[in-house]
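Number of protein chains: 8
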Amino acid sequence: MNKDDLKNILEQVSSGELSPDDALLKINTEPYKDLGFAKIDTQRGVRKGTAEVIYGAGKTKEQICEIASSMLESGERSVLITKMDRDFVDYVKERIPLFYDSMSKIGIAGEKPKKSEFGKIVIAAAGTSDIPVAEEAALTAEFYSNNVVRLYDVGVAGIHRLFDNVDTIADAKVIVAVAGMEGALASVIGGIASCPVIGVPTSVGYGANFGGLSALLSMLNSCASGVSVVNIDNGFGAGYLASMINKI
Amino acid sequence: MNKDDLKNILEQVSSGELSPDDALLKINTEPYKDLGFAKIDTQRGVRKGTAEVIYGAGKTKEQICEIASSMLESGERSVLITKMDRDFVDYVKERIPLFYDSMSKIGIAGEKPKKSEFGKIVIAAAGTSDIPVAEEAALTAEFYSNNVVRLYDVGVAGIHRLFDNVDTIADAKVIVAVAGMEGALASVIGGIASCPVIGVPTSVGYGANFGGLSALLSMLNSCASGVSVVNIDNGFGAGYLASMINKI
Amino acid sequence: MNKDDLKNILEQVSSGELSPDDALLKINTEPYKDLGFAKIDTQRGVRKGTAEVIYGAGKTKEQICEIASSMLESGERSVLITKMDRDFVDYVKERIPLFYDSMSKIGIAGEKPKKSEFGKIVIAAAGTSDIPVAEEAALTAEFYSNNVVRLYDVGVAGIHRLFDNVDTIADAKVIVAVAGMEGALASVIGGIASCPVIGVPTSVGYGANFGGLSALLSMLNSCASGVSVVNIDNGFGAGYLASMINKI
Amino acid sequence: MNKDDLKNILEQVSSGELSPDDALLKINTEPYKDLGFAKIDTQRGVRKGTAEVIYGAGKTKEQICEIASSMLESGERSVLITKMDRDFVDYVKERIPLFYDSMSKIGIAGEKPKKSEFGKIVIAAAGTSDIPVAEEAALTAEFYSNNVVRLYDVGVAGIHRLFDNVDTIADAKVIVAVAGMEGALASVIGGIASCPVIGVPTSVGYGANFGGLSALLSMLNSCASGVSVVNIDNGFGAGYLASMINKI
Amino acid sequence: MNKDDLKNILEQVSSGELSPDDALLKINTEPYKDLGFAKIDTQRGVRKGTAEVIYGAGKTKEQICEIASSMLESGERSVLITKMDRDFVDYVKERIPLFYDSMSKIGIAGEKPKKSEFGKIVIAAAGTSDIPVAEEAALTAEFYSNNVVRLYDVGVAGIHRLFDNVDTIADAKVIVAVAGMEGALASVIGGIASCPVIGVPTSVGYGANFGGLSALLSMLNSCASGVSVVNIDNGFGAGYLASMINKI
Amino acid sequence: MNKDDLKNILEQVSSGELSPDDALLKINTEPYKDLGFAKIDTQRGVRKGTAEVIYGAGKTKEQICEIASSMLESGERSVLITKMDRDFVDYVKERIPLFYDSMSKIGIAGEKPKKSEFGKIVIAAAGTSDIPVAEEAALTAEFYSNNVVRLYDVGVAGIHRLFDNVDTIADAKVIVAVAGMEGALASVIGGIASCPVIGVPTSVGYGANFGGLSALLSMLNSCASGVSVVNIDNGFGAGYLASMINKI
Amino acid sequence: MNKDDLKNILEQVSSGELSPDDALLKINTEPYKDLGFAKIDTQRGVRKGTAEVIYGAGKTKEQICEIASSMLESGERSVLITKMDRDFVDYVKERIPLFYDSMSKIGIAGEKPKKSEFGKIVIAAAGTSDIPVAEEAALTAEFYSNNVVRLYDVGVAGIHRLFDNVDTIADAKVIVAVAGMEGALASVIGGIASCPVIGVPTSVGYGANFGGLSALLSMLNSCASGVSVVNIDNGFGAGYLASMINKI
Amino acid sequence: MNKDDLKNILEQVSSGELSPDDALLKINTEPYKDLGFAKIDTQRGVRKGTAEVIYGAGKTKEQICEIASSMLESGERSVLITKMDRDFVDYVKERIPLFYDSMSKIGIAGEKPKKSEFGKIVIAAAGTSDIPVAEEAALTAEFYSNNVVRLYDVGVAGIHRLFDNVDTIADAKVIVAVAGMEGALASVIGGIASCPVIGVPTSVGYGANFGGLSALLSMLNSCASGVSVVNIDNGFGAGYLASMINKI
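Those protein sequence lines, which keep their order, are chains A, B, C, D, E, F, G and H. Take 4 as the starting number for the first sequence in the working numbering and just add one per residue. Take 4 as the starting number for the second sequence in the working numbering and just add one per residue. Take 4 as the starting number for the third sequence in the working numbering and just add one per residue. Take 4 as the starting number for the fourth sequence in the working numbering and just add one per residue. Take 4 as the starting number for the fifth sequence in the working numbering and just add one per residue. Take 4 as the starting number for the sixth sequence in the working numbering and just add one per residue. Take 4 as the starting number for the seventh sequence in the working numbering and just add one per residue. Take 4 as the starting number for the eighth sequence in the working numbering and just add one per residue.
All the given hints hold, so there is nothing to weed out.
The list that follows gives simulated cross-link-like pairs (lysine-lysine, DSSO-like), each with its CA atoms no further than 27 Å apart:
1. Lys-176(A) - Lys-117(B)
2. Lys-250(F) - Lys-176(G)
3. Lys-176(F) - Lys-118(G)
4. Lys-176(G) - Lys-118(F)
It is worth saying that the hints were derived from the structure and are not from the lab.
When you get a sec, could you build the whole thing from the sequences and use the hints?
See below:
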């Protein structure tokens, strides 16, 4: 509610069109629905321009199901659920319509959104083990109706595989670079692309990888410009941001 | 050089329009100029769509001056120099045209670029001590001809100052959030904005701040979507990326 | 035992009211009961003004049960047990009266204390996954007869939910802010409240969260005054301290 | 502004006592003064119940002086300045009335507040090298008119010195425990006191002290209840919070 | 493809020996085979001088089997599989010829390579618990036809055991030193050997070992010259590099 | 073998008492027995003055059993096995005489050594959860025939329990202080004892305890003199060292 | 004061030999002298069996001088001052008798103690750069009248230098091993000595040494028994503890 | 001295050719010269196959000069001095012949060794700021008579500069990759080279670079085989090891 809205209301009160009590209600209308354990943001589609998302980790299957149901009832056509446990699928599927991808652990309650034709988002993954996080990013971007191109297994150990796809990189409107271990993929792509690159460090690796710290620091220190970073294994965050940039 | 270009050249060779030696030259033309201690990327404007930048830290005044001169001679109209030591200004100014801002330690060799009217980039800074990094971002964005709005001293300790500027945030095409200490500004802005937010953690603070680690981790773990992060104190990186997104 | 007490005893010895041996006993009475593996502090209610607590983690069900029994026999009306394994409940319930809350893993042996009317403690939690820690704080505060108000799911990603409760925050005598991920909730509440805020970082999150380090550093570096911090996931410590402050 | 205030205004508008434009002004009156590089919070005394404070580190002497002057002009009687560089004293003293303590690096612009008689705050410091931080806490607490008792050089290496002051500890309404190295002082005091204890880890020490990390972790893991922690070397934060608790 | 190759092709195009389209194919022939989830590098034997390796961790048994089969079909005689889960052995053995060593978790698909006589690689391990990593190095080196001498249980706690083998160390062409805990073995061997020493820190140990960090830092800071380090537990990397050096 | 021994041998060779070959054997006699996967140090009793110990973690039950058998056959009367898995007990007991303590996970193969009367070693443990590590230290010290006094549950949260035992502390010849969480026990004992104190940090605790790092740093930074530290959870190391000091 | 003492006093009160007030005084006699900023422990010689020490770092020259004077006046014959700034020497020398060693930064106020003949303490240092810390240990041990043998530059990079001194190591009653970089010296000596070894990690080194962390972790994880560790660069602590053990 | 040598000596003693005392001398001849503060290893040329090196950091100019003089007198023709302070040059030059390179801070006392023709060592550096470390490696390798090729400013931000030098990389016998920031250069070179690659992380960068930790972890986690790592900024170690490998 901006100043103009407020001025409008005040003028209606002044002119008698609106009683003080009704005005009070209008100004204070709760923009969310309260489930007790969670406050559902039913105006988020308006405020942020996108549908609500359920972060599945740490929630019980009952909580996930109840939140998703409530959203669908509030008029959402589809709800994205991230990091959703495989064991919850049957329980939820019995209660609400659900698409589930077991590699990325992404669920979509309600309708699966249609792909429409926004500029191309390229999702590049360094190794086979990085694919689950890359798919989380890819499915998230597709959920928001983006056109996604996947470039998997293009890590710098066999850098010619990446360079064979230089045209795809040149065509992208935004690129998500997913890599564990030393995370060099983000820097190398950042050095050849002319669009924003979102680095997603993964926890793939062992030893001095320290749960993804290695790739995270590597990407933050990228010597290439135009690279920014999201949290370790945060495929959703990268896909969401890529969609935001793609639609500007 | 993409496949079509290559095919063209090969067809010219086949038809005799081009000798093999001339073709070889065309394919292998060095895209940079070699100064010995630095290889200058004279085709970067083409490849990345932006002018070259000199990262000033760790370089001598002679090196900075020589690289900048060489770029200007190669046809660049203006060259951005970041983290440039204040003591180098006189030396460089005597040799090439230079604008210098001592707060952000940014120098611009050659012409100062004209502001043109791209969508609005908002640069928000939490505290007075974060302003040098914020200005590095702001001047970088302006160097690339973006329209920049500054919101300084809007940290969460006095959050009403931020909320007074909610309209500015709603209007932005991309926002840079600069904050040290606990770095909460990025999350709070990320929660209310509907455009991409680039977090810049600063090393401002003391004790368990650990040189910016606190704000860095905070921003990486932001519970708000649409937030990505660049390196600690990397105002340039944020300004550059913001410009890239703004121009999409 | 302070100097005045000691002087009293000495004067009684001098006047013959007390024999040296009885005096020795009075001065040296062991203020605890020794179970071999644990020394139970039977005078803690006097010394610290509160009943004893059993830290359940790392103890066997037999140890927990024996310590609690021994306390109840020593005259405690109720004993708080924190981080108590769900699998121990049946064993303990068969032996002593026990209330158990499975979300917070808090047990209360003996009588459940009555709520009395001290000033209001507000327990705010950022996300659904932070509720177990928040409940540990809430039940602890209620165990010590405080009036507790819960504000759950008010994290900064949807900051208007928090601001709808600004009156509750203004009314509080002390606030516990429970948050994982970037932990910004403590700073934001610290910026608008005029009472002490106790931050409880939680280990909720993943990746660069590093087991709660992110929220911990964030809260320690809070730019808002009046904020202090307890250990990661230490809901009990926050509830106990809030009770102490509330009763001043 | 709470709902009642708002309802009042709306009723005045309804009754014609207030025009919509005047109502709009009342609701939106900026609660701060804008200096460009800093937004001064002139209503903080009302909102947080205390006077504004200037965090001196990272600010120039001109900035400190301008902010303090502006506050005094806005009606503040005295302004606390923390971590103020010794070299700034002369510059500021020439322009506004200033008290300065070189050990704690605390400045007070305007009148020095009178001590009044609130319950006792005890400031305990482990070693001689911890005194500057302890004094920052003590002077802050005195600035807010608290009654402060200092217990210095009572570290656990000579624990009888602490136990000689057990009566002082028993009398306190809140205790600030300042310690570097292993920071055990907070735990030991926490074990014998029955009031809230605020731990301030200091960066005093060397080697595996890692800039105060050792004392910080030690205090966060305190096995004693009723202990919370502020940032390393944050004497101001502890003094401010102690005052808040003392006045409840 | 180097310049000479390219010139050759161009001359053939010029002379009409080669059509532009065929030339294009020659220049762009994909040097790998695409399985969708993995791009197999069929020219690696040529490019790096060694056969391809499958990093088994994080791959399913189906993926491992499909990649290995595809390589064998492409003409590889044997394929090395590292960190291969014991539970996968039966599945893979039913489909392709497989040798498997359960201590080192190394599998070899296809033929087991014959030992030939290159200079001696010594693999030294500090303790019994370091043997799995040491065997990963030893079997890798043998896979590439090197002559391997094992020196196990020669840690510095019983340093005479090492010195009894001083002749073996003097004869080596390259040494791999595998050690957990304090990792001193690499430094001690580095002090007496006159050939390159490759340190492999292991995660063996507990407490302040921090998952191998202790041995890693120790080896990186070795005061002996000629020592370099690979990742924690990376027996394969050490064996591969030792083979490379041995064959120079 | 020292110079005098060597001179003796050489003189016997010179006088013809000893042939060169026999001399060579004497000088080079292997001071250990080789099991392939482990070299057993049969002269350790002589060299270090104590019996050999098997570090059980990371070894299979077959390895533990074979090493212990071999030692007993070589003439050791008893062999200490640390961190021995509970599940191995039956297997080993069927093959060799074994005493096993399930709390400390210590096994003793062969005869249990008799207690003899060396000066008193005090083992102090802060909390109930620290007892397994404390018992590892205590049983180790008793294995080497020391007189051990246990002081358990004397942490600083109830410091009067410790002070009731001040006479025991004064009588000790060496003290082992076992504590997790903030580890303050080592400093407090170090401040009142006049003998060496060996700190054993434990991994007991949670959150910012970081697997024992908190107690480790705390003990290393102890402001009390005469305190040294062994690895986290290393009860054996402390008991062994205490025995060494006790027997000086 | 133990129970027997207390009983004695009480019996004297009972028999009229002592008035209650005098008894009170006896029980409460302050065991230290208060300088305001420091409480001097004048009974420490009795309680800990050694003279008081001043930790010089972080103290002004005036403070050091005043504390030392006060101790000498209280009857101490000599006072050890550690980590004393070179620039303070002249100031202190003008006021009290002072011996100063600029390499170790150790000062001795009053008389220099005479060497007497306790069992031998060996101080071993790995490199030339570790000598300042080694000398701090050596001079401390000599201050407490121990017989000290120095073995410098015996690091593991040239391990034969150490083995030439195997007899010296065999003769020692306690050994201090001082090493930076990878700190392997402590483990190697621990493997061949049969007496307690005190490791002192130093901050000597660079890069992944991280201010001494490398050597610290290395020593804590020593695979040799009988090794304990003090803080990084804490030569004083090692010398003090070595003296304690030497005199047992 | 190996077994054959020893047997020879013993046989000479047996035959009377050698007296026991002379034999003792032969066996025990000290292989170094003792300067008090340093033991100089005069047989190192024999034992390690290379001349001695002085690590200059932390040594005074007098120490450096005395050690170097002593070595030259012992017959060394030239002595390498690393990390030598610029301010020491004049002092040393007045006393012994010295070559000094101020960029790499390398000094060579005595004769400058002649370049001879061993296989090519390539030293690649990512950025201009990495050159000092790269030069330390290059001059070290040249000191040991290796043929060195420098590839500077070939970081991955402008990866075509690296690929223009693919022939140089293919020709190398060993490659040193020097890089700060994200250190991706080592992985990229490791992916295209078929010879050993030695990674040298540098401390170049800022923020989340954490003094070189970022590049260090990145290189340790390299997904390319054949890469090993030395300490941060350890140009000497890389040059020395490269020389060792080059001469195999």
